Amino acid sequence: MNEQLERDAAPDTTTDTENGVSRRSFIGKVFIAAGAVTLAPKTIAFADDVMNPTDLDEDVPQWAMVIDLGRCDGCKECTTACQEAHSTGDQEWIKVFEVEDEAGNTVFLPRPCMSCENAPCLNVCPVGATFRNENGTVLVDHERCIGCRFCMAACPYDARSFNWGEPVNPPGATFADYTPELPVPHRKGTVDKCMFCAHNSAEGELPECAQACPMSAIWFGDLKADVVTNGLETVQLSWLLTTRNAYRLKEELGTRPRVWYLPGHGEGAKVVLPQ
Amino acid sequence: MSATTDDRRERLLERAEAPLRPHAWGVKGRLLVGGLALVVAWGIFAWIWQVSHGLAVTGLNDHVSWGFYLTNFVFFIGISHAGTLVSAILRLTHAEWRRPITRLAEMITVVALIVGASMVVADMGRPDRLQFVLLHAHLRSPILWDVLSIGTYVAGSLLYLYLPLVPDLAILRDGGIGGKWRGRLYSALSLRWQGVPEQRRLLVRAIGVMAVVIVPVAVSVHTVVSWIFGMTLRSGWNSTIFGPYFVVGAIFSGIAGIIVVMAIFRRAYHLQEYITEQHFKYLGSLLMVLGILYAYFTLSEYATAGFKMEVGEATLLQALLLGQYAPYFWFFAIFGLIVPIVLLAVPRTRTVKWIVTAAVLVNLGMWLKRFVIVIPSLAIPVMPYEWGTYRPTWVEWSITVAAFAAFALVFVIFARVFPVISVWEVEEGWEVEEAAERRPSPAAVPSPALTASIVEEPS
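Here the protein sequences line up with chains A and B, keeping their order. Be aware that the first sequence starts at 4, since it is given in my numbering, and climbs by one per residue. Be aware that the second sequence starts at 120, since it is given in my numbering, and climbs by one per residue.
Careful, some of the hints might be misleading.
Said to hold, decoys possible - Derived pair list, reagent style DSSO-like, types lysine-lysine, alpha-carbon separation capped at 27 angstroms: (1) B:Lys299 / B:Lys472; (2) A:Lys273 / B:Lys427; (3) A:Lys253 / B:Lys427; (4) A:Lys273 / A:Lys253.
Bear in mind the hints are in silico, worked out from the structure with no lab data behind them. Values in this document were obtained by computation on a predicted structure and should not be read as measured data.
Chain A on its own, in the form it takes in the complex (with noise of 0.2 angstroms):
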């Protein structure tokens, strides 16, 4: 019961293999076997862990967001406490839309960095710094960001900000140990973007988002455990996809993002994006 509920809830975070060959797959074969022949063995290591799927064999957590639309109302106390959090300025991290669903009706949409496992971002950097944690969230490493922009341009949901001149660090910041995961301070000429808190799931907390909603819309949890929160209540991940009937934001480019959303008025009416 509980392994088909998963399968059904989603189907995708399954290997490559399974679903036949994808478009990561394919580029990948090509281009990595002619990397093997030229480029030096280390970088090729590293490229061949990041391309392959993130399933959910992995020994460790798989991070997964939900996010109720029938509960949000766009009072944006998420992308508040994100920017306090991470001293982002002006940055949005979790961006709040207020959108017309398919029925007509006008829903709140937050919008934090959907953590694709076939992300367009990962796939075009040009020197790895986009890449996927074991805990399949995708992270910024900015003292590796070149500043290129390509991911910006490649990322359907625009979940990416840059440094355009120099960031505003919270006082003290310039002596914080910088990590991807707790990227302070920022740095000029980089990409930031939401890493799912991956500062506060390492220490089992939920990310700011979602602790600071005051309707409780936002849910955080674990895909290999199937298992997901509010901060109040805490049900079977797989339950709440299946009964809410979860969507996925531009389901059909393929991306697989691990954000699911839960249809906030009548019966599955969902949120269609312009592109």
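Given chain A's structure and the hints, the job is docking chain B onto it.
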């Protein structure tokens, strides 16, 4: 050799060497170089300003994150096609008329590649990390394909420019042109060339090999440039024909580039005897054919998107054909495509003046075409918000103008040091002609040019 041959050889040498002599340029030349250098210096200042203040001083933003720099990059890499590719194809097909213009074409390639590649650095948020592209290379990224492909093309083009230059450098060395400093340069670079049969044989063979090798490399360059866009999911970029579309566009704008440069040097260096109206007509025909091809690709691209009217593509097309980007698009379509094709097709306007006019229009149009490829696909809303806006600042304008000035400056300096006409190849052309005249029936020999590459030592 006859007296007339000696005569015209002397005239050719004089034409090729005169601009290279010390003090050959006078005040005008110095003003030109100084003016261009000033513009370039201003551009470098703007870039330093940008590096110290961040890309915030540009009009770029989170929505339209690429702008003038990427447009310039595609434009100059496009121009670079002309040279080497056209020169290689003309060599391979033994088009005799190529001889006086191959050097100019090959120079365009090298200079345009240098300027084009520098536009990428101008676009980078962290130019101090440029070396990461090699140190942490990720071959999965189309940018790496560009680095490899353009890198190969730069190396190949330099070699392909240099090889046919060797006999000419020997002529300059032997003629004692250029004083102490350049004399040394010529004698070092001419590799003890004496023109003996063995040297000629090796050179002809090396040039032949390079001409073959450089063609697929050139095609790969603009293919992977297009894939920077074609490998994303964005409307307008998410296209399967982007590779060939860009390659054709590159050759199109590249030939226009050759025609403009040819016209300038023909006039400034008094090369009317060698670069004739016929050259403009031949290249004009090529330009027309490529223009028609480009129009065909443009039609394919927009017709297939416009018929289906998928939401994203429809939004983009609306903006491109009728909306905010329509002026640029239609300028390209009318003045960059239709008008030049008509000018080149009508016999009455097939004169140097009109062919050059057509070429200038093509270059303007193709810059704008690249602009409407890069910007609208970024400005289009991919999430529920308004269209992105892009207003380039003085920094971007300065760097862009400086890029064109740098192109001219490097070219001018190049033309001050090296002959812009391949002297030995033009002479070889005369020998081919004479050989053909001596034979009873030209139809009996395979091709005059073919014999040229076989004949080791004609005299």
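Going through the hints against the structure:
1. B:Lys299 / B:Lys472: 40 angstroms, violated
2. A:Lys273 / B:Lys427: 23 angstroms, holds
3. A:Lys253 / B:Lys427: 19 angstroms, holds
4. A:Lys273 / A:Lys253: Given that 27 angstroms is the threshold and the Cα spacing comes to 11 angstroms, the pair holds.
Hint 1 from the list above is the single one not met by this structure.
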